[in-house]
Amino acid sequence: MSNILETSGLTVTFGGLNACDKVDLEVPKGQFVGLIGPNGAGKTTFIDAITGYVPTSAGSAVFDGEDIGELKPHERAQRGLVRTFQSLELFEDLSVRDNLLVAGYESRWYSFILDMLYMPRKDQKVEEQIEWALEIMGLHDVADAMPSDLSHGRRKLVGVARALAASPKLILLDEPAAGLDTAESQILGGHLREFLDHDMSVFLIDHDMGLVLSVCDYIYVLDFGKIIAQGTPQEVRESETVKKAYLGEEAGEIQAQAGERMTSLQHDQGGQDG
Amino acid sequence: MNQFIIALIAGVGTGSLYAMLGTGVVVAFRGSGVINLGHGAVAGYSAYVFNELRTSGDLWLPWFDIIPEWGFLKTLRLNNLPTRIHVFDFEMYIGKPPIVPTVLISVGVSVLIGLMMHLLVFRPLRNAPILGKVIGSVGVLLYLDSVIAVNFGGQNRSSSGFWVFSPFSDPVENFLGLGGTIPRANFYLLFAAVIMGAVVFLLYRYTKFGIATRAADENEKGASLLGYSPQMLAGVNWVFSAVLAGLAGILFLHKTQPSLYATFIVGGLGAALFGRLTSIPMTVAGGLIIGMMSGGGVQLANNDWWPNWLEIEGVRTFMPLLVIILVLYFQGDKLPIRGTLSVGRQPHAPASNNVAVGTIFAVGFALLLSNVFVSKWESVLTAAVVATLFMFSLTVLVGYLGQISLANYSIAGFAAFMMVRFVGDGTLQREADYYIINGLDMPTILGFVCAVGAGTILGLLIGLPALRIRGVQLAVVTMSSVLAIEELLTKSRSLMGDGAAAIQPTPSKPTWFGQYIGGYNKETFRTDYWKYSVLLILITALVGVAVVNLRRGNTGRRFLAIRANERAAAAAGINVKNAKMLGFGISSAIASMAGIMLAYKIPAIQAENFAIFSGLGLLAFVYLGGITTGYGAVVGGLLVAGGMMPEFLNLHFGDVEKGMINAVGAVGLIVNAIVTGGEGVALLQSNALGKEPLALLRRNPDEDDAPAADEDNATEGASV
Ligand SMILES: Nc1ncnc2c1ncn2[C@@H]1O[C@H](COP(=O)(O)OP(=O)(O)OP(=O)(O)O)[C@@H](O)[C@H]1O
Ligand SMILES: [Mg+2]
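Sequences listed follow chains A and B, in order.
According to my numbering, the stretch in the first sequence is residues 1 to 274, in order.
According to my numbering, the stretch in the second sequence is residues 275 to 994, in order.
Next up, chain A with everything else stripped away, as it sits in the complex (with noise of 0.2 Å):
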């Protein structure tokens, strides 16, 4: 088994509308995988359904050898599922790092008499691997400060750094560098696949397609529901079908030819999700 996520015929239905339809994907374990697609293609119903939000009315998700359809969403993300989300979604009564320290440690039963009497457990791995997310997202200088005091960018760079937090086997990004100004998006994208080495696998849905093109190992397509072309950065970019559904605007091409320049081109939907 060298899939880390496969899903097979996985379908959601919202009132009629498929929002997936029938959706074959694979990520190898250690890869980079990318998923574009125009807005309302279903990139983050995609997300949804596989991390539990959204019920799947047909087909399968395997994560690590393991059926997770009946898993609750938090089931999945103990076991190495970890998600961001387009809306940030940050805990905005707790600071940067306190947001990072819930999603790094696990709660036994016991842990609550441990914290009454202030015995914290403090385990080496996590607080290095939440170091290490605060250092990769430049987010050190304000571990202690609220997110709500940070710009729209940083506010971003936390809810990827928290899922990193959580040790993942494999990190969903959903459009993480949408709204991102141009020295955070080089933050970003200069790090994404560093996450690589640190024993995860990566998922990236976004719009910013110099970036996607520039990291992604394979690349799905997905519109109206349907993955409408699979393959490698060279074979998408080249790809007729691709070009008419997703980049055949002047503009896209420009910005697909533009390859490393990791300008963050906003759609300006940013934020609107669904």
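Which chain B residues stay away from chain A? Per the calculated CB distances, all over 12 Å, these:
#, residue
1, N276
2, P372
3, V468
4, Q573
5, G942
What follows is a set of in silico ranges between Cβ atoms, one per label pair, in the way DEER data are often shown:
#, chain 1, residue 1, chain 2, residue 2, range
6, A, G16, B, P555, 27 to 33 Å
7, A, K22, B, L477, 50 to 56 Å
8, B, R488, A, S2, 55 to 61 Å
9, B, N852, A, G40, 33 to 39 Å
10, A, E66, B, I731, 32 to 38 Å
11, A, E70, B, T455, 57 to 63 Å
12, A, G40, B, F278, 56 to 62 Å
These aren't lab readings, by the way, just hints derived from the structure by calculation.
Yeah, the Cβ is synthetic: ideal placement off N, Cα and C, and Gly gets one too.
With chain A held as given, fit chain B with the ligands onto it using these hints.
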């Protein structure tokens, strides 16, 4: 069978009250998105006003004279705040004043209350998080109930409503050939409820105002397009809702006591939820169904085969709760609670780092007081400390976990009664006692532990709905459980012994490790025994430290994560259900301890000690002190009625009524919800407030009508 049907029909009377109250709740909800827990109290106030006008000719305005006249302030000769206006001169009217002006004046008072609710409470809270709005309506409830206590003495009234609505006005014999009698009033009341429902229904359906309200209910922009400001609509609906409450209050004056209206709201809320907070016909139907279920249930309970331990009165109070739970369970997330998903700004909950210093200081202060003033103060001190101990339970549940439960004080009461039962040994405790306590004859400590266990189990049961039900709906459920717990458990004779329904003697000699630790001092005949104080202070300190530590550790962080965002909490691998149950468990264990410690203090307990308004008063003061921190509970404990602060006022400025204290607490609660978002007095020292206190005052006004100021929150709602 006939008997049963008669009983069902007899329930229509109360059902009509539920229907009318429910209609008013729906009106306020559609206008403002707030479920008003204080709606019944509005009805109660108007009913008292009506009654007072009819009996003494005086009009009492919905406040009391707060301008102090104590001590040196008396010399300032401040003018009194007008509270009472003499309207009808009895010499002119011999007997009763004319009915029409009386009704009009009473309704006028309702209009005033409606305006006050809108302008002083809910308009300023319009952008507040759910917690803030619920607290606002709890404030309304507590405030009106307290003012009723101050202005009208909260006494029962000999009825002076409309005779036709009286249950004694000549009954209908042999209705539909079923035999038995039915009060004629039931038919009139039913008629009145249906008419009221029909009028509201038609208003909403066919007037421009009604259509705009419905549009606003779905989408605030909709109303703006029709040329109405949402806030104006909300105001009109608040007034409308208050008028409906006032009318209901007057109509039912003959059937029931106005002091009960505040709690009858539970049935009204059940009815409103049955109508999904939108449909008036369904609301009226819901009210009638709940009323009939209660009537039928009571009839069944009168049978021989009915188990003794299910008290009849309990059956009556349980029906609304049952309907509420069923409706919420089956309609679940589908209920259109506007803004349920955008959590908004929650009170800041900082972890404290100087726990040791704070604890030593507080414990030292308490011990100092207890030793130095071994007289009047000791009893007052322990009252404050018991309150603080109880408030820690709310810190965990409401402050950290964000679950608004109003039932914690009932859990405290239940545990106290269970303790009495566990240690009871079948002897007369004191010579003056009327009841003996039969029980399991456990040693005091074991009884303590078992009672805490029992309280915790009850707390977990009450927490069960919280797994599916959130925010204000949870407040509704827990508020109705308060009544059901009191009638079904605490007052149950078979469960708690013969004294349960009246005054239950507490063990006269509670001993821990061979030491007498009761509050009653046999030498001074007061509740000032020092060993009790020491034990209480010790337990409270330990619990307080544990609660503060909880926040410093991962458990507290998880609780706060759930409070902030359940979706994201699950994504962070948190088992939200387990964490909520843990929170309810810890919280109810602490509440149980507080209840038991209170029972050690006083020679006898009553179910009324733990009635809904005592619990709400405690919630008000911990909220005022600061619901999210340990300090908040300490400050709150000092403020409560019977605690240090009021007692200090009493000593130096003459009598201050409990009602006044609670009313002040209610006002403080509302102001605190508006100004600090619930962070309370205790956080005044923290940076969040310290940096720029004025910014908080500036924060609220007129960022109005721009709901999507924060885009992230807006999308959060949309994406589920
Ligand atoms: N809860 C829901 N109920 C009904 N329809 C939904 C729901 N969530 C999403 N949809 C619909 O499903 C389709 C796919 O939405 P989705 O958010 O997955 O798109 P997306 O590819 O993530 O788009 P974007 O690039 O804008 O984020 C859209 O047409 C959307 O309107
Ligand atoms: Mg999306």
